[in-house]
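A.B. asks: For reference, the chains in residue letters:
Protein chains: 2
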Amino acid sequence: MIVKVLGSAAGGGLPQANCNCRNCADVRAGRPGLSPRTQSSLAVSGDGKQWLLLNASPDIRQQINATLELAPPPGSGMRASPIAAVALTNGDVDHVAGLLSLREGLSFTLYASKRVLEALAANSIFNVLSSRHVTRVALPLEERIAVGGGLAIEAYAVPGKVALYLEDASDGFGTREGDSIGLEISDRVTGAAFHYIPGCAAVDASLAARLHGARLVLFDGTLYTDEEMIAQGLSEKTGQRMGHISMSGAQGAKVGSMAAFATLGVERRIYVHINNSNPVLREGSPERAAVERAGWEIAYDGMEIRL
Amino acid sequence: MIVKVLGSAAGGGLPQANCNCRNCADVRAGRPGLSPRTQSSLAVSGDGKQWLLLNASPDIRQQINATLELAPPPGSGMRASPIAAVALTNGDVDHVAGLLSLREGLSFTLYASKRVLEALAANSIFNVLSSRHVTRVALPLEERIAVGGGLAIEAYAVPGKVALYLEDASDGFGTREGDSIGLEISDRVTGAAFHYIPGCAAVDASLAARLHGARLVLFDGTLYTDEEMIAQGLSEKTGQRMGHISMSGAQGAKVGSMAAFATLGVERRIYVHINNSNPVLREGSPERAAVERAGWEIAYDGMEIRL
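As they're listed, the protein sequences go chains A and B.
The C-terminal position of the first sequence is numbered 307 in my numbering, with every residue numbered one higher than the one before it.
The C-terminal position of the second sequence is numbered 307 in my numbering, with every residue numbered one higher than the one before it.
Warning: the hint list may mix true and false statements.
Computed cross-link-like contacts, EDC-like style, restricted to lysine to aspartate or glutamate with a CA-CA straight-line distance of at most 16 Å [unchecked claim]:
1. B:Lys237 - A:Glu104
2. A:Lys4 - A:Asp187
3. B:Lys49 - B:Glu143
4. A:Lys49 - A:Asp26
5. A:Lys237 - B:Asp187
6. A:Lys237 - A:Glu167
Coverage of chain B stretches by chain A, computed from C-beta distances (three or more under 8 Å per stretch; other residues unrestricted) [what the hints assert, rightly or not]:
7. 13–21
8. 91–104
9. 161–169
10. 190–202
11. 285–295
These are computed hints drawn from the structure, not numbers from a lab.
Heads up, the beta-carbon is just placed ideally off N, CA and C, and yes, glycines get one too.
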């Protein structure tokens, strides 16, 4: 099984169009220690021929053009693509807007929770993915299904938040089960498997039990500290308000992912969906050193993992 | 006034993710005579400080990152952008999807026809452009309004078609006035002006009269021949079905833009919104020679015009 990180950043990417934070300003100026990053998507294949996209970021056209394996195979017909399926983990813009770049007759199966498919159906702009070309399949929770390319996926609910554009005024902003899911992707031939959870508000007992002993987890690396965007003058929101656990934090409501994973025995753990404000993006920073000491890797665009 | 072509291609860009046509295959392979092109957007400024985007293509983040003038000015605050306004000429995905990349607190004024604003309002995903940051203004037709940055725009209806995702089963697919507009952008200080019409089904008498003697027109260059996508095995649709006049064609219903402009006395005419199937994209092709003989230029990404 081949896993390619198409985009390792959270919404906005690095640099973000309107952001002057230290990371964005430095990467824009080409200073060393930081690399540009596009927004959150992966590509996975069991057979190296048919590919499953995990989330479709707004940068998906640029990401496909940068990935040789995702080009139409020469001689495969005038309109063709090795992209056979797309699976979504939530309805956030940084995970669904790229669907609008998979129009123009590209044929694929779209997997998402019932809640996310309802959100797409309520937005007529996604009609450019016509039912002639795109089959929309509601992902059952806690059930493994075959998705082509020699792969199977199992979706499960994780603590999270409904997409920003669907928030209401209620407690929890109207979040319901299925708004945020994790995916276990497995190779149906070799049995190799990994978990992909780019948006997650907390590692609760159920998630901890599920991930225990896993070979590989790609996990929500949005923020290093819960209040980092407020502290940098970028936003009024904490990570918790956005539905994202932080990397750091050791106790109480703010236990972070490093602490939560410390006893899970996960063989390889990689942060994805990393916000431009996050100091771990900077090589040599104390925060980068801290996550590496805790056994984590920082995903980068073009990163390839074989399982 | 400075006009920058951020993206010169029609929907899908060059190469298009799932396209194996000769142009897409050759540009993907890096063969000479063709350059990659992102999708249809311009940036315009009167003062070089505040910028107006004309259409927001799905590639807008990549385009902004490639355009030094559109980066947040250093020292201008943590969240800042020289992009002060965006004007849309229709509701097509290749012109509106990029709005989803102008979220994250970017403040601007969004100008579009009442019809297009209604389409956006009916799609909750565009709620990520909150009214706290983005003011939506319905463009009156045939009335000049100031839009900041020393610029004014005047919108006018042109023959066209409603966006694909809004088509209905009626004759004309439900197209109504305002679904497709042209824009005259003028410098309020110097009086310099140009027309931008990236989607247009025909040059009727009213449009011909309006463009007569213009200094610069950037015009719909989607297809060279009306049936080119069918002939290449790419689509079942003619240019007319998609709401696009062709470049070639000299008589009857299929009079093309070269012929239609021949007697208009437009000083400088440039094709934009060029589909990947169009043979004029290939340097040295007979079609490229024909449009150049007719006095047309082919826009390219990064092209800059000063008026």
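A.B. asks: Now tell me, hint by hint, if it's right for this structure.
C.D. replies: Structure-based check of all given hints:
no., hint, verdict
1, B:Lys237 - A:Glu104, "holds, 12 Å"
2, A:Lys4 - A:Asp187, "holds, 15 Å"
3, B:Lys49 - B:Glu143, "violated, 25 Å"
4, A:Lys49 - A:Asp26, "violated, 38 Å"
5, A:Lys237 - B:Asp187, "violated, 40 Å"
6, A:Lys237 - A:Glu167, "holds, 14 Å"
7, 13–21, "holds (count 8)"
8, 91–104, "holds (count 8)"
9, 161–169, "holds (count 3)"
10, 190–202, "violated (count 0)"
11, 285–295, "violated (count 0)"
In summary, the numbered hints that this structure violates are 3, 4, 5, 10, 11.
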